[in-house]
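Protein sequence lines, in the order shown, are assigned to chains C and L.
Residues 23 to 346 in the numbering used here are what the first sequence lists, from first letter to last.
Residues 193 to 549 in the numbering used here are what the second sequence lists, from first letter to last.
Read the hints as simulated data drawn from the structure, not as lab findings.
Keep in mind that the hints are not guaranteed to be accurate.
If you want the footprint, here are the derived chain C segments under chain L, 3+ residues with CB under 8 Å [unchecked claim]:
no., region
1, 79 to 86
2, 98 to 105
3, 227 to 233
4, 259 to 265
5, 278 to 289
Okay, the calculated bits of chain L under chain C, using three or more residues with CB under 8 Å as the criterion [as the list claims (entries may be wrong)]:
no., region
6, 209 to 215
7, 329 to 343
8, 420 to 427
9, 439 to 451
10, 503 to 511
11, 526 to 534
Across the chosen pairs, the derived CB separations fall in these ranges [said to hold, decoys possible]:
no., chain 1, residue 1, chain 2, residue 2, range
12, C, 286, L, 269, 30 to 38 Å
13, C, 223, L, 489, 38 to 46 Å
14, C, 223, L, 394, 30 to 38 Å
15, C, 24, L, 525, 54 to 62 Å
As the structure is a prediction and not an experimental result, all values here were calculated from the model.
Using N, Cα and C, we set each Cβ at its ideal position, and we do this for glycine too.
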Amino acid sequence: MSALLEVRDLSIAIAGAERPLVDHVSFDVAAGETLCIVGESGCGKSLTALALMGLLSDPPLRRIGGTARFRDRDLFTMPPRELRGLRGGEMAMIFQEPMTSLNPALTVGDQIAEAVRTHRACSPAEARDRALEMLRRVRIPAPEKRLEEHPHALSGGMRQRAMIAMALANDPALLIADEPTTALDVTVQAQVLDLMVSLQRESGAGMILITHDLGVVAGLADRVAVMYAGRVVETGPVAAIFDDPQHPYTLGLIRSIPALSGERRRLVTVPGTVPTPATMPEGCRFAPRCPFAGTDCRAAPPLAEIAPGHRVACHRAPIEEKAA
Amino acid sequence: MNEVVLEAVGLEKRFTRKRLFAPDTVVRAVNGVDLAVRRGETYAIVGESGCGKSTMARLLLTLMKPSDGTVLYEGRDTAGMSERELRALRRDLQVIFQDPFSSLNPQMSVGALIEEPLRVHGIGTAKERRAKAAEMLARVGLRPEHADRYPHEFSGGQRQRIGIARALVTGPQVVIGDEPVSALDVSIQAQVINILAALKAEMGLTLVLIAHDLAVIRHMADRVAVMYLGEVIEEAPADDLFARPAHPYTAALMAAIPIPEIGARPPAATLEGEPPNPVAPPPGCRFHPRCPHARENCRTDRPALRPLGDRRVACHYAEELTLPGIATETRPRAPGVARRFALLDARTKETDGGERP
Numbered sequence: 023m024s025a026l027l028e029v030r031d032l033s034i035a036i037a038g039a040e041r042p043l044v045d046h047v048s049f050d051v052a053a054g055e056t057l058c059i060v061g062e063s064g065c066g067k068s069l070t071a072l073a074l075m076g077l078l079s080d081p082p083l084r085r086i087g088g089t090a091r092f093r094d095r096d097l098f099t100m101p102p103r104e105l106r107g108l109r110g111g112e113m114a115m116i117f118q119e120p121m122t123s124l125n126p127a128l129t130v131g132d133q134i135a136e137a138v139r140t141h142r143a144c145s146p147a148e149a150r151d152r153a154l155e156m157l158r159r160v161r162i163p164a165p166e167k168r169l170e171e172h173p174h175a176l177s178g179g180m181r182q183r184a185m186i187a188m189a190l191a192n193d194p195a196l197l198i199a200d201e202p203t204t205a206l207d208v209t210v211q212a213q214v215l216d217l218m219v220s221l222q223r224e225s226g227a228g229m230i231l232i233t234h235d236l237g238v239v240a241g242l243a244d245r246v247a248v249m250y251a252g253r254v255v256e257t258g259p260v261a262a263i264f265d266d267p268q269h270p271y272t273l274g275l276i277r278s279i280p281a282l283s284g285e286r287r288r289l290v291t292v293p294g295t296v297p298t299p300a301t302m303p304e305g306c307r308f309a310p311r312c313p314f315a316g317t318d319c320r321a322a323p324p325l326a327e328i329a330p331g332h333r334v335a336c337h338r339a340p341i342e343e344k345a346a
Numbered sequence: 193m194n195e196v197v198l199e200a201v202g203l204e205k206r207f208t209r210k211r212l213f214a215p216d217t218v219v220r221a222v223n224g225v226d227l228a229v230r231r232g233e234t235y236a237i238v239g240e241s242g243c244g245k246s247t248m249a250r251l252l253l254t255l256m257k258p259s260d261g262t263v264l265y266e267g268r269d270t271a272g273m274s275e276r277e278l279r280a281l282r283r284d285l286q287v288i289f290q291d292p293f294s295s296l297n298p299q300m301s302v303g304a305l306i307e308e309p310l311r312v313h314g315i316g317t318a319k320e321r322r323a324k325a326a327e328m329l330a331r332v333g334l335r336p337e338h339a340d341r342y343p344h345e346f347s348g349g350q351r352q353r354i355g356i357a358r359a360l361v362t363g364p365q366v367v368i369g370d371e372p373v374s375a376l377d378v379s380i381q382a383q384v385i386n387i388l389a390a391l392k393a394e395m396g397l398t399l400v401l402i403a404h405d406l407a408v409i410r411h412m413a414d415r416v417a418v419m420y421l422g423e424v425i426e427e428a429p430a431d432d433l434f435a436r437p438a439h440p441y442t443a444a445l446m447a448a449i450p451i452p453e454i455g456a457r458p459p460a461a462t463l464e465g466e467p468p469n470p471v472a473p474p475p476g477c478r479f480h481p482r483c484p485h486a487r488e489n490c491r492t493d494r495p496a497l498r499p500l501g502d503r504r505v506a507c508h509y510a511e512e513l514t515l516p517g518i519a520t521e522t523r524p525r526a527p528g529v530a531r532r533f534a535l536l537d538a539r540t541k542e543t544d545g546g547e548r549p
């Protein structure tokens with residue numbers, strides 16, 4: 023399967039910090055595939071998404087290296103005009119908080135129609151028809167009425183649907199969703215996830231889903247990239263990540279989730295906290311919190327293949343053999 | 193163990209919104225709630241946005257006056273308490289807030305923040321207060337030198353530890369946690385949950401946990417009350433509730449949880465739409481417009497919260513419905529992977545204080 027998007031060695035720096043916030047991150051996304059990027063606050067998952075969309079706030083953030091080939095063009099070197107043509111067209115993004123990413127002064131219908139007219143030659147009436155069709159597809163009740171309403175009149179779940187409608191209005195080949203359901207209640211989250219899966223199935227788009235929720239990952243991902251402090255520490259098919267996790271951070275993440283089975287064990291925790299931009303350690307960035315770290319971890323471990331398609335950046339993997 | 197320490201009787205809170213050109217609207221944020229928290233237990237109140245759980249927390253803390261009904265602490269009506277009794281009550285009844293960023297005064301050092309409740313209640317001499325604060329700091333896994341630093345120097349998880357130290361320094365009987373771990377990343381959340389569990393056991397606390405995360409509740413709670421549109425619709429021992437929900441709304445909540453395991457059932461959207469506007473709740477059972485099991489009389493007859501075995505449930509058909517809970521078996525791990533996790537467990541045991549030794 024040839025990749026729709028190929029990101030290689032993406033690095034992002036922030037002014038004033040010695041080490042990059044995102045450091046040599048690489049991944050592929052194929053058409054129809056969902057790649058979940060998972061990690062905690064500050065791991066660089068959102069910065070990676072913003073860089074792909076050309077939305078880094080520069081300064082203080084700056085992309086200092088890497089390529090991102092999307093349909094044989096490099097997103098990072100193409101002229102801004104060309105990137106604007108892609109953004110919201112072939113490539114679209116869904117954000118966590120719809121209220122801050124929808125224009126409060128425009129009706130829902132006008133915003134979607136605007137997105138349509140930016141990318142294709144059509145009459146205002148056609149754009150409006152398309153907006154209505156999209157609201158139907160995201161199953162917003164009474165779509166004709168919602169078309170005329172402003173974002174503040176919609177509930178959180180409806181706003182997120184409206185944003186999905188806008189993102190999908192131009193049939194993007196790649197959808198980037200940054201914590202799309204984190205702000206929603208669990209029953210509404212289930213509805214929105216359901217919708218995203220079925221719309222993706224219909225359209226065959228590739229999707230990058232950024233989340234911190236391993237439950238969402240298990241339900242939706244084809245492949246997973248686990249990020250920690252700006253680096254991909256483990257990546258592979260979703261089954262490998264859950265059934266054969268290798269990196270001590272992945273193990274720690276899985277172990278720290280309270281079990282729904284009711285097993286009342288003491289939770290295993292990852293000691294300490296995520297390093298700040300100013301305190302990024304040298305070598306393996308997880309080493310200061312890692313129960314298996316040794317002196318060799320002062321050198322950064324490569325992201326090495328441990329099984330077909332399953333890569334891990336750890337000198338100690340597999341742990342039961344090398345750290346016992 | 194069955195002694196009731198905190199009780200709500202017919203508790204009601206109405207908010208009135210005055211409008212200029214239209215009749216006032218009234219929201220019943222909490223609508224006739226009866227519940228009894230037993231000494232030493234962890235009692236969880238769960239529900240989605242707008243269900244009234246945070247209003248419940250404020251009412252139970254006596255930070256807000258109920259429109260109707262009463263809150264009883266150790267059998268005494270808090271509404272009739274004198275200033276002095278209320279002060280004593282607030283020593284016994286403490287709170288941990290969700291947001292460790294906005295609940296700590298940024299101009300006070302951590303030491304002063306933890307001593308403050310002691311000062312307010314006139315407990316101990318300055319020297320004793322300092323010693324007590326230092327002890328609490330250690331118990332939540334922070335270092336002595338942290339006392340001289342300010343909140344902005346700490347991460348979210350560390351600030352929540354400070355919040356816990358502050359809540360527990362007066363030696364309360366009951367602690368109400370209003371989403372105490374929801375703002376934290378999962379690895380940090382686990383640290384804070386462990387600390388709360390350990391301190392609860394050491395200090396013999398009663399914990400009332402207001403939360404929306406069912407996994408956290410499953411892990412911590414002894415009994416759970418599920419709220420919908422201002423009412424408790426089901427209350428049950430945690431194990432029973434998760435194994436076999438009796439109310440269709442509880443079952444829908446369970447079905448919607450994404451389970452972090454391969455091959456687990458995907459999150460299911462069994463409910464259409466969102467909770468109705470609390471200004472104009474539907475007649476009959478408040479859940480009937482979204483309920484897949486609703487029948488004719490659900491539209492008109494409001495089900496009371498009634499006892500059913502160990503639980504209470506507000507559904508006309510609780511006896512006949514067999515609703516799926518969450519499967520309790522977890523898949524066995526491959527031997528190598530099991531050894532990997534065992535090694536991790538063994539090596540992280542000693543480092544639970546949060547800082548690496």
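*Hints broken by the structure, by number, lowest first?*
1, 2, 3, 6, 7, 8, 10, 14 and 15
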